[in-house]
Structures are given as C-alpha cells and as structure tokens.
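2 protein chains.
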Amino acid sequence: MVSVNENYLDMKESYLFSEIAKRVAAFAAGHPEKRILKLGIGDVTLPLVPKVTEALHQAVDEMGAQATFRGYGPEQGYDFLKEAIGNYYKKTGVSLELDEIFVSDGAKSDLGNITDLFSVNNTVLIPDPVYPVYVDTNIMNNRKIVFLSANAQNDFLPLPPAEPADIIYLCSPNNPTGAVYPKELLQKWVDYANHNRAIILFDAAYECFIQSPDLPRSIYQIEGAKTCAIEFCSFSKTAGFTGTRCGYTVVPKALVYKTLRGPELSLNKMWLRRQTTKFNGVPYLVQKGAAAVFTEEGQKQIKESIAYYAQNAKIIAQTLDELGIYYIGGINSPYIWLRCPNRMKSWEFFDYLLNNISVVGTPGAGFGANGEGFFRLTAFGNKENTIEAMQLIKNLLA
Amino acid sequence: MVSVNENYLDMKESYLFSEIAKRVAAFAAGHPEKRILKLGIGDVTLPLVPKVTEALHQAVDEMGAQATFRGYGPEQGYDFLKEAIGNYYKKTGVSLELDEIFVSDGAKSDLGNITDLFSVNNTVLIPDPVYPVYVDTNIMNNRKIVFLSANAQNDFLPLPPAEPADIIYLCSPNNPTGAVYPKELLQKWVDYANHNRAIILFDAAYECFIQSPDLPRSIYQIEGAKTCAIEFCSFSKTAGFTGTRCGYTVVPKALVYKTLRGPELSLNKMWLRRQTTKFNGVPYLVQKGAAAVFTEEGQKQIKESIAYYAQNAKIIAQTLDELGIYYIGGINSPYIWLRCPNRMKSWEFFDYLLNNISVVGTPGAGFGANGEGFFRLTAFGNKENTIEAMQLIKNLLA
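Protein sequences appear in the order of chains C and A.
In terms of our numbering, the first sequence has 212 at position 212, counting the first letter as 1, and numbering is strictly consecutive.
In terms of our numbering, the second sequence has 331 at position 331, counting the first letter as 1, and numbering is strictly consecutive.
No lab work stands behind these hints, which were simulated from the structure alone.
One thing to keep in mind: the hints can contain errors.
The list makes no distinction among identical chains, and a pair is therefore deemed to hold if it is satisfied within one copy or across any two copies.
Here are the simulated lysine-lysine pairs, BS3-like style, with alpha carbons at most 25 Å apart [unchecked claim]:
#: 1; residue 1: Lys269; residue 2: Lys22
#: 2; residue 1: Lys144; residue 2: Lys22
#: 3; residue 1: Lys90; residue 2: Lys303
#: 4; residue 1: Lys12; residue 2: Lys269
#: 5; residue 1: Lys12; residue 2: Lys253
#: 6; residue 1: Lys90; residue 2: Lys258
#: 7; residue 1: Lys144; residue 2: Lys12
The model shown is predicted, which means the values in this text are computed figures rather than measured ones.
Chain C on its own, in the form it takes in the complex (with noise of 0.2 Å):
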C-alpha cells in the first residue's frame, strides 16, 4: 500500500489572502456604491514593455516557421538569456561563469526546489516575518525550523544569532517588510555562514527596486558569498513578469561539501543533475523576452516602470512621515511596513481602514509572530489610486 507524505498534516492552510478576499467581497456587498482602493496587492500592474513584447512577438514568429523553430532548449537556459544575466551581475561587479547561472520558471520554484538538495536533517533558520513558501517547503520535507525574530528594535534586519544553523533564508529587500541589508551587515552573515559552512539561500527578487548605489543588489558583492550563498532573482518584479514566469538562480561552483559516504558533491552539479532530470526549461519564447530587459532600450524602459512604483512608494513614505507613523521599506523597495498607529492590531487595522475609508492593505500578522501589529502597503497599485488612498488616511488619521 502506497504511504503518502504524512508531513503535509503539518501544513498551515494560509488564510492570509483568502480572508482578506472574504472581508472585501463582504464589505462591497454591503456598500456597492464605494470604490475600494487597494493597496495590498504584491503584483505588478503595469504591462510588459514594448521591448519586450516585440521580442515576444519575434519569437512566436520563429517558433511558427520550419526554419527557425526551436523544440527541446537546454534545461539551465539558453546561453544567449544566460550571457545576459552574467553581463548584469558584471555592472555591480559580480562575475560569474556562464554555467553557475540558472534560468527558471520564477523565484518560487526555485526557492522551493532548491530544498532537493539537502538532507532533511537541517537546522532551517527563517526570519519572522517571512515569506511563507520558506516556511512551508521544509515543513514538506520535515525540517527542524528555528525562527528569528525581525523586529522594530533590530530595524527587521536581525543579525546571526550565537547558535549555529544550516540552511539560512534571507531576503532583500525584503517581502513583507521592504527592509534592505546594508553591505556590513550582510558581510555578518556571510561571515556566519562560512564560519558554520552553513549555506545562505539568498531572495534577491526585489534588487531592481534599490536606488541607494550603496546597498547590495546581489549578496556576491560581499566578500565570501560564493562560499556560501545561494541566489535566487526574477522577472517578475523587475520586468512586470509574475504572469509571464521567468526567473534565475545562481549556484557558485565554490559550494562544495563532505559527504557522511566520503566523496564530495558539487551544489551547482547537484542543481544542474536536478534541473535536467525533473525540469525542462522555460519556454523559449519567454528566454527571448527576458533577454530584451537587458537590451539598451529594454532597460530604458523596465526603469520607467520601476520609476513609477517607486513614485507610489515615495507618495506612501511621505504620507506615513507627515502623520509620524513608524515605517520602513519604500525607499529601496516597493513594500512599505507600517505600524498601525494607536496600538491597534494587524486585523483591527485592517478592518477600520476598509470600513471607514475603502482602502485596502494586508495585516502584518499573516506573515508571522513578529506581523502583529503591523502592516503592509505595496506600491504595485496606480498612481491616482495610491494619491487618493494616501489622502484618505491622512484625513482618517490625522
């Protein structure tokens, strides 16, 4: 008799979006005459652009022609998409060799299949708040998963713990809490990391939203990451591509370790072998369209797209400075995390928000022990509706 995975018993439905889709359909019910502003979307809303739509439309082109149709591409990613990628690793000073970058279907998969490759008996160390597929892909497998805890005190970035851990999940700029990590403290990771031959499982899927040239794009700006740092970056923020999927991974070839056996295995061969065995590459078509965002023109062009959130970010970050609420992200990130004013909790927030004003944001504790009492705007929304919205807290909370 088959026996299945009995650890998804121990996987937490997340209610999260789910409720907040509930109280919204709720409250439209009851007011159909209110326009609800929201501001709790993490997509993007912006379309593809033109850049990379004619490189999708060429494309299709190609693949409807005998001549140039393309059937089976490599697993890892065509190299034209792949020298790309390397080129802009190059601008922060990163270079990498052709075969440690991985093109994928999107950061999730990735951060979720990358799990494959270690043992289940890992200690998982995961700041809360978190994004929750960490979570719940090494509940999956049976983990040991020790929280740390990001806080107002540690300015949600917290720093090694004494203990020592084996897997470390860090993102930044950060989802939920739009924190970003300044090179010297990133460098302290590092350092943890190398010093416990630990592996760092870094989430850079917001990078493209950092102005401030001192902050690091790519955790391999810092001295010591290609010994222990896995990096995982996408499309889908940088590009508009959360419907489009395309994402890539970087697995250094320094990331080598013992085995109990004896031999040594390879991370980046072990990704390679997992890679070519149970994927088969993104469509080429979308590799085409990725390659366009690092055109002249390509880039030209994302960049307005990103100049436009970050306006709605800077109208929110305004806004909260004005009424002297506690905030961070927003700056170098499209998230900004807020604590609700008057000590209200996370769901309480939520729900005056959307009765009195029909503004709608995401309550800071669905991401985590550490969201109680927060809160969660994101800048992915329009321009007018992020103004109007901003406006109706202000006179709400002022």
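Mind docking chain A on chain C? Use the hints.
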C-alpha cells in the same frame, strides 16, 4: 554545517545522448562529405501550427496593454484551459471535475515533482526499458526500486507481478518501445493497484499517436482507475510544445489515503498544496496557445502534424516488415523499437549504421538492461530523410 542530499551520490550519469553526440561528431569530423540522417531524435521538428501562433500573438498583445495585462494566474492553470482539457477527455468518455486537472510546464516536471507527495518508504515498480526520469527521481529520494522486465516474450507490455508494490510507473504508448497497452491488459494493472492500494503514475504523453479506437488514450477509460491512478499528459508531442512547455496532470479526488498518524490525506489536495507552494503557474500566453490546440481549427492543424509523423513511422515499419526484422511500436506511436539484426548489440548496431550509411538511431541499451540488443528509431524527422534512411537500411541489411 549543512548536510547535502547524499542520494545524489547514487545517481548514475546518463551517457546515452552525450555518447551518441560524441560518436556522431567524431564520424562527421572524419567524413565531412557525408550527410548524416538522424532518426534518433525524440524531439518534434514541425513548427507550431498557425492557430497556436495566432493565439500566442494575441496573448502577447494582451500582455502589452494596460487594460488586458495579466499578472499572477492560478498556479493550477486558468479555467479556460482546464475546461478545454476537460472537454477533450469527454471525447474519450472520461468525465473529470475541473479541479482534478492541473496545468503544468510539462509532464517531465510533474512526473518528477509528484514524488514529493509520497513517503520514501514505498517500493517503486518500474518497467525496464524505461524513460530515465522515473528511475532518477526515485533515487534522489532513496526509494526502493524494483524493475519489471519488458521484453519480446511479453511484447514489451509487462503484466503485474505476484508481489505487491506501492508506486507503479506505466507509460503507454511507451517511450522508448512504442508498445501500447490494450484495455484488457491495462485493466489487470488497475485491478492490481486497487487490490494493493497502490498508485499508478500513468504517463500518457504520447496518447495523440493512438489511431486505433480500441486502444485506451487515458487510463481513466479503465474501470476503477480513478481510485488508483494519476495521469500525466503534455502538449509537447501533441502540438509541438517541446520548446513552448505546457502539460497537464489529472489527480482524481477519489485518491484518498489513510496516514499512520490517523487523518486521511487527499492526493488532489496535496498536489494543489505542492503546486501553490512550489510553482507559480504556466505563462498566460503559453496557456492561451495551448487552449488554441483544442479549437476545431487547432485540432485539424495538429492532426496534420501528427499524421505527418505517423506517415514516417509507417515508412520505417514497412521497411522493417520487408526485412523481416522484429519490431514493435510505430502504428500507434512515434517510436519504433526493433531487434538489432544478426544478434548485434545495441551500440554495435549503432556504429554499423553510422559507419556504413550515416544513419543515426538510439541504442536500446541506453534505456535499461532489457534494451540490450534493441534499437529505437523515431518518426519525428522529416519525411524525405526518413525515406532515404530506410532505403539505405534496406540496401544494407537486405
């Protein structure tokens, strides 16, 4: 210190296709004047059909316009595609609920990732010769594998063994052998699985090549299959999507299993949880392209492509008939699996064809112990080359 998944030490490198490439390259270097005819390829060669490229272009336009842009879609696929797939199943008399269908980036991904749902304490039954993904993904998790002998005595259609097993891989039409299970033999497998509470992972990636109305295209045409089988299917061979990436997996809701801890677990709900946690869906535009396959015009167009390949298979089969060489497949399958003439071994025959007539096929030994002495030819090449290659084979072996 991080401990890696040491099961990767047990993974054998598959040298099959790299070894073929190496020998072909060496031959080409030594005989630059020779045109090499490739009948070993497992990849499609005809371009995407017009109805699909039309839908892709339209979807690209939607993604480039503010009003019609799509961000994150449902991880399990858009309803418009799931409905089209459901209607396709209805044609074979199989009725599925919409949430039993999961759209994915291909059968290979799902066949690999489905192992997430099962405990490592399962015995896995795998026919030999075999598509290597079934074997490798289970070695990665250190499950016990029992090979089932497929051979000329059982027409490469092995029947259930006397001993119980927990997880069973079946592929029909088979890769690499081209053998297709008739209903009465597949019924024996379904009965065996239900009797043992085992699960069948049914790979139906080549169902579109079935021409005989009596042969099952889906395991759910067999009485009792919904309580013991998951089915994997793909647009790769059906509609030339090997480089465009889309497939679908059916996980019936009736697949519910007791756990040792007590509560029951539904594989359908587990797979939904797995996919929503570790996957972010197939690109919207690819799903639009896939949906176009099921339109009346789309069906007409892809059937022309399939007929083209079927014609190639017929050409290969006819030559083998004339030569009196034993083979299976080719009628309801794009693969022809033949016994090497004159008791040659697989690689010996490979070299014989390459060196004498510049024809490339795939040595059966590369697919498992039972493949020794056999050889795979495929129908995915172009017609002129197929005719020429088979004429050369005829002259060589007659």
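Taking the hints in turn, this is what the structure says about them:
1. Lys269 to Lys22: between (45 Å within a copy, 21 Å between copies)
2. Lys144 to Lys22: neither (33 Å within a copy, 45 Å between copies)
3. Lys90 to Lys303: within (18 Å within a copy, 48 Å between copies)
4. Lys12 to Lys269: between (33 Å within a copy, 13 Å between copies)
5. Lys12 to Lys253: between (36 Å within a copy, 20 Å between copies)
6. Lys90 to Lys258: Classified as neither: same-chain Cα gap 31 Å, cross-chain 53 Å, threshold 25 Å.
7. Lys144 to Lys12: So lysine 144 and lysine 12 pass the 25 Å test inside one copy only (16 Å; across, 30 Å).
In this structure, the earlier hints numbered 2 and 6 are contradicted, and the remaining ones agree with it.
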